[in-house]
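Quick note, the sequences are listed as chains A and B, same order. Residue numbers for the first sequence follow this note's numbering, so the first one is 1 and each next one is one higher. Residue numbers for the second sequence follow this note's numbering, so the first one is 1 and each next one is one higher.
Simulated from the structure, these hints should not be mistaken for laboratory data. A few of these clues could be false.
[What the hints assert, rightly or not] Only part of the chain A face toward chain B is listed, based on derived beta-carbon distances under 8 Å:
| no. | residue |
| --- | --- |
| 1 | F62 |
| 2 | F89 |
| 3 | Y95 |
| 4 | N100 |
| 5 | K101 |
| 6 | L102 |
| 7 | F104 |
| 8 | T106 |
| 9 | G107 |
| 10 | T108 |
Quantities reported herein were computed from a predicted structural model and do not represent experimental measurements. Ideal placement from N, C-alpha and C gives every residue a C-beta, glycine not left out.
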Amino acid sequence: GDSVTQMEGPVTLSEEAFLTINCTYTATGYPSLFWYVQYPGEGLQLLLKATKADDKGSNKGFEATYRKETTSFHLEKGSVQVSDSAVYFCALFLYGGATNKLIFGTGTLLAVQP
Amino acid sequence: KAGVTQTPRYLIKTRGQQVTLSCSPISGHRSVSWYQQTPGQGLQFLFEYFSETQRNKGNFPGRFSGRQFSNSRSEMNVSTLELGDSALYLCASRRDSNNSPLHFGNGTRLTVT
Chain A
1 GDSVTQMEGP
11 VTLSEEAFLT
21 INCTYTATGY
31 PSLFWYVQYP
41 GEGLQLLLKA
51 TKADDKGSNK
61 GFEATYRKET
71 TSFHLEKGSV
81 QVSDSAVYFC
91 ALFLYGGATN
101 KLIFGTGTLL
111 AVQP
Chain B
1 KAGVTQTPRY
11 LIKTRGQQVT
21 LSCSPISGHR
31 SVSWYQQTPG
41 QGLQFLFEYF
51 SETQRNKGNF
61 PGRFSGRQFS
71 NSRSEMNVST
81 LELGDSALYL
91 CASRRDSNNS
101 PLHFGNGTRL
111 TVT
């Protein structure tokens with residue numbers, strides 16, 4: 001079945017360090033891919049998206065490229081800040097009829113220390 | 001533009017009771033979905049409504065139900081509550097077009113004692 005696998009956390013980094021959170025997926029068909037972020041006590045915020053192979057999503061310094069050949073959508077940021085501390089979820093969505101739903105990875109907790 | 005609004009933010013119920021959660025989608029969004037988030041199971045899809053009809057359903061027992069009104073607002077009901085129903089319940093809305101992302105509310109935190 002369709003699934004998303006992302007790296008286990010927590011990921012602990014110092015401020016201004018480089019961030020990579022790995023995400024791979026399995027899907028029948030051609031999914032759209034998303035990264036959502038969840039801050040403590042809040043819901044999920046859409047961080048970025050990519051809808052087809054080789055698309056690059058970007059927002060707030062975060063980037064991820066839809067790699068069909070490796071079925072991956074790794075999240076990167078060149079210089080993290082303390083305010084980036086949150087849980088990050090990779091997700092896929094298959095559009096159309098009965099399959100309209102997000103399938104999430106387990107989430108990766110990022111802790112950035114000053 | 002107002003985001004997805006969920007009420008109430010917090011609920012405490014006892015086993016055997018029933019509960020109703022409410023969700024107002026972003027204006028113009030006709031698709032509303034519900035997800036359950038727990039530490040053990042992560043984020044799981046409950047159901048999706050579109051034009052007052054349930055279009056898709058996850059693997060939850062019949063105690064979990066929902067409905068959507070003509071203004072796209074949605075409610076979710078859980079009957080005969082169990083301790084394991086304690087979770088954050090998230091509502092999300094989107095435009096019904098390909099590649100349109102889901103936008104989530106802040107959730108309702110349900111605690112069953």
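To see whether the hints hold, each was checked on the structure:
no. : hint : result
1   : F62  : violated, 15 Å
2   : F89  : holds, 7 Å
3   : Y95  : holds, 5 Å
4   : N100 : holds, 5 Å
5   : K101 : holds, 4 Å
6   : L102 : holds, 6 Å
7   : F104 : holds, 4 Å
8   : T106 : holds, 5 Å
9   : G107 : holds, 7 Å
10  : T108 : violated, 12 Å
Consistency note: the structure conflicts with the earlier hints numbered 1 and 10.
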